[in-house]
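Q: Dock chain B against the given chain A, drawing on the hints supplied.
Residue strings, one per chain:
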Amino acid sequence: QKEVEQNSGPLSVPEGAIASLNCTYSDRGSQSFFWYRQYSGKSPELIMSIYSNGDKEDGRFTAQLNKASQYVSLLIRDSQPSDSATYLCAVNIGTGAGSYQLTFGKGTKLSVIP
Amino acid sequence: GAVVSQHPSRVICKSGTSVKIECRSLDFQATTMFWYRQFPKQSLMLMATSNEGSKATYEQGVEKDKFLINHASLTLSTLTVTSAHPEDSSFYICSANYVPEAFFGQGTRLTVV
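Residue numbers (this note's numbering), protein chains in the order written: chain A, 170 to 283; chain B, 29 to 141.
Isolated chain A (complex conformation) (with noise of 0.2 angstroms):
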């Protein structure tokens, strides 16, 4: 069974302070690795991507990944309260050729406390 593993969390930041969230993966093979974010009653959202080794910057958000140790993560700086949201990682299990499937981590809640 590939999988990808999120701790549920929650995790609590002060607001300003830097978020760290983490994903680790089961399929040595993945290439393709995302970050979704989801409000509490709405569909998930796309903000970061990332398909190679190293960091991946993009405003306050880094995404970064070491396909070696089979892990992602996601920074966040300067933390703002909008920022409290379940954060999901995706990865793409590559179930065959010419197909292309997303497997979900179960996705860790951040609160940003004001």
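Fair warning: there could be bad hints in the mix.
Simulated pairs of lysine-lysine, DSS-like, Cα-Cα distance not exceeding 25 angstroms [what the hints assert, rightly or not]:
1) Lys225/A with Lys278/A
2) Lys69/B with Lys275/A
3) Lys275/A with Lys211/A
4) Lys278/A with Lys69/B
5) Lys211/A with Lys42/B
The set of hints was computed from the structure by calculation and includes no laboratory data.
A: Coordinates of chain B only, in the frame set by chain A:
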């Protein structure tokens, strides 16, 4: 990013009736769409993979005769909840691949009374 539109956003129906939910890719063609269900405070659960022009693939434990999926065109997939019961009340979300990314519809809050 690509836009996926889901309709309706909310629906209340009586027990025993059927409800149809539509998922459209507005600015791209999607040969594959996915249907998820999410109960309160729980994670996304993949129900089925909808394939244009062929039968849907259902996840283990999902009743294919209860959750009918039709993907008749490259931009539209529908999920019909047949003979709905209160336990089917949930948040249903579709997504479509715009490879390598996936985009979600707005979700449908189904309440069966």
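Q: If you check each hint against the structure, which ones fail?
A: Violated: none.
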